[in-house]
Amino acid sequence: MKLLLVCSGGMSSAIVVKAIEKEAAKTGQDISVKSVGSGEYTEEVKNGWDLVLVAPQVRHRADFFREAADEHKVPLIIIPPQGYNPMGGAVILAEVKKILG
Amino acid sequence: MYKIFELLDKYLIPFMTKLSEQRHLRAVRDGIISTIPLIIVGSFFLILAFPPIPSLAAAAKPYIGQILIPFRMTMGLMALYASHSIGYHLAKSYKLDGVSGGILAMAAFLLTSIPVVYPDKGIALLMENLGGGSMFVAIIMAIFAVEVLRFAKSRKLTIKMPEGVPDSVAKSFEALIPAAVIIPVIWLVRVFLGFDIHHFVLQLFQPLVLAGNTLAGVLVPVVIICLLWATGIHGDSVVGSVARPIWLVLLDQNIAAAAAGQPIPNIGPEPFFQWFVWIGGSGATIGLVLVMFFSKAPYLRSMSKATVLPSICNINEPVIFGVPVMLNPLLFLPFVLSPVVIAILTYFVMDVGLVNKPYILVPWTLPAPIGAYLSTGGDWRAIVLVFVNIVITAVLYYPFFKAYERKLIREGAAGELEEETK
Chain A
1 MKLLLVCSGG MSSAIVVKAI EKEAAKTGQD ISVKSVGSGE YTEEVKNGWD LVLVAPQVRH
61 RADFFREAAD EHKVPLIIIP PQGYNPMGGA VILAEVKKIL G
Chain B
1 MYKIFELLDK YLIPFMTKLS EQRHLRAVRD GIISTIPLII VGSFFLILAF PPIPSLAAAA
61 KPYIGQILIP FRMTMGLMAL YASHSIGYHL AKSYKLDGVS GGILAMAAFL LTSIPVVYPD
121 KGIALLMENL GGGSMFVAII MAIFAVEVLR FAKSRKLTIK MPEGVPDSVA KSFEALIPAA
181 VIIPVIWLVR VFLGFDIHHF VLQLFQPLVL AGNTLAGVLV PVVIICLLWA TGIHGDSVVG
241 SVARPIWLVL LDQNIAAAAA GQPIPNIGPE PFFQWFVWIG GSGATIGLVL VMFFSKAPYL
301 RSMSKATVLP SICNINEPVI FGVPVMLNPL LFLPFVLSPV VIAILTYFVM DVGLVNKPYI
361 LVPWTLPAPI GAYLSTGGDW RAIVLVFVNI VITAVLYYPF FKAYERKLIR EGAAGELEEE
421 TK
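As you go down the protein sequences, you meet chains A and B in turn. With our numbering, the residue at position 31 of the first sequence is 31, and numbering never jumps. With our numbering, the residue at position 132 of the second sequence is 132, and numbering never jumps.
Derived by calculation from the structure, the hints in this document are not laboratory data. Among the clues, some could well be false.
What the hints assert, rightly or not - Derived CB-CB ranges, DEER-like:
1) Arg66(A) x Phe173(B): 55 to 61 Å
2) Trp380(B) x Glu40(A): 33 to 39 Å
3) Lys97(A) x Leu345(B): 35 to 41 Å
To be verified - Taking beta-carbon pairs under 10 Å as the criterion, some of the chain B residues facing chain A (in silico):
4) Leu110
5) Ser302
6) Thr307
Using N, Cα and C, we set each Cβ at its ideal position, and we do this for glycine too.
Build the full structure now, drawing on both the sequences and the hints.
Written out as structure tokens, the structure reads:
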């Protein structure tokens with residue numbers, strides 16, 4: 001599974017990427033995650049992703065992100081705030097599972 | 001307390017986020033952000049020209065003119081770069097050709113200046129008109145140019161290329177009619193009617209720039225940014241799209257003074273917030289992270305350990321969403337109050353000249369003491385001020401953190417995540 005995580009500058013999401021990868025490794029799931037800032041997002045979303053994850057602090061821009069995601073037929077979810085921290089990997093993967101199974 | 005979040009959610013958040021997502025403001029924000037690498041690297045040469053160590057400063061003195069050349073070609077032409085990238089982003093947002101939008105915006109901006117003829121030497125444009133101080137002129141002209149481009153496209157006022165002409169060639173011709181409108185119009189207004197667009201726009205925005213440098217002018221963004229983050233919205237990015245042009249003009253005035261060896265005039269450009277107020281991230285949460293380290297609740301203790309490194313780099317989403325601070329009635333007050341208190345203190349300390357006013361833009365992920373030192377052109381007293389501010393925030397957070405800790409222990413939630421972090 002390839003997940004694209006978008007936040008404001010791509011800094012905080014890098015921390016959350018680690019949390020997701022750690023949780024995936026623990027539960028033996030094959031998941032790769034990349035984080036981008038909102039500036040690079042529209043270019044990156046073209047490159048074949050299974051799911052777009054939107055960081056909670058930029059959720060007010062979700063419509064903007066969704067427009068490009070829809071264009072490339074990628075589903076999109078907003079990460080629940082309690083999942084967006086170094087220990088939130090499990091929370092996020094549970095949400096991912098709801099969409100991708 | 002929950003009432004506050006309800007009110008914020010109902011009034012402030014929708015208004016601010018709509019404002020920041022407004023198409024033109026978004027283009028301004030994205031356009032200015034693309035120029036920040038040039039500002040950071042360019043103003044680094046300012047430190048080289050005026051190093052904080054006296055012996056080095058003496059050695060650099062004869063070469064100041066040469067050392068400052070990269071600075072003048074980047075920071076000194078800031079508005080020129082910004083006009084192109086604002087035009088690019090605005091055109092993109094309309095799904096028009098970005099490069100056409102960029103060059104039309106740049107031409108529109110340049111046409112507001114009149115070149116000076118130096119016999120024997122050639123024709124020159126004054127760089128004063130192209131630096132960060134002219135940012136608002138660049139913004140207005142970029143919007144004008146791209147709106148003309150959009151109008152022409154929507155009315156099909158374009159030159160159709162025959163089939164088989166490559167797409168990129170056809171695209172550049174789309175800008176032909178808009179260019180034929182934009183260039184003569186500005187030329188007529190500026191040269192024949194003698195209306196100084198540049199001066200007019202600067203005068204128009206002057207009150208905003210002056211206000212941005214007052215105590216109220218620095219506190220308003222501080223409070224709004226904290227209120228937004230308290231509901232989990234990226235406050236800096238929202239407020240920055242409105243305030244960043246003002247901060248850049250203030251910064252440009254400071255830099256110009258520094259390059260001329262004069263006293264720094266303004267307190268309120270962005271480094272003021274970045275290094276002296278947002279220590280550890282928005283809400284000055286470094287104080288909270290420090291007091292959590294000694295918590296009786298294992299959850300808060302492990303949160304402190306997990307967030308301390310990002311906090312040193314001023315990344316505090318883990319704190320805001322992890323502790324959490326977001327929608328937490330017990331931590332709301334210190335989250336807004338601590339930045340306000342240290343902003344007021346810093347403002348007065350700089351106003352009376354105890355610490356240099358900031359004039360250099362340094363990457364925001366540096367630890368605050370280092371960033372504060374560099375941004376003030378190497379003032380060690382800035383480091384002291386940062387540590388004083390950290391202690392103040394820790395003291396302000398402490399009683400509220402204790403109350404939150406008691407609540408967690410009472411609810412039996414204090415040790416929930418201890419296992420996972422081992």
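Hints and how they fare:
1. For Arg66(A) and Phe173(B), the Cβ-Cβ distance of about 34 Å falls outside the hinted range of 55 to 61 Å, so the restraint is violated.
2. Here the CB-CB span from Trp380(B) to Glu40(A) is close to 38 Å, well matched to the stated 33 to 39 Å.
3. Distance hint check for Lys97(A) and Leu345(B): the Cβ-Cβ separation is about 48 Å, which falls outside the suggested range of 35 to 41 Å.
4. At about 26 Å, the closest approach between the beta carbon of Leu110(B) and any beta carbon in chain A exceeds 10 Å, and the interface hint on this residue is violated.
5. Annotation: interface hint on Ser302(B) holds; nearest CB of chain A at approximately 8 Å, less than 10 Å.
6. Interface restraint check for Thr307(B): the shortest CB-CB distance to chain A comes to about 7 Å, inside 10 Å, so the restraint holds.
Hint compliance for this structure: hints 1, 3, 4 are not met, and every other hint is.
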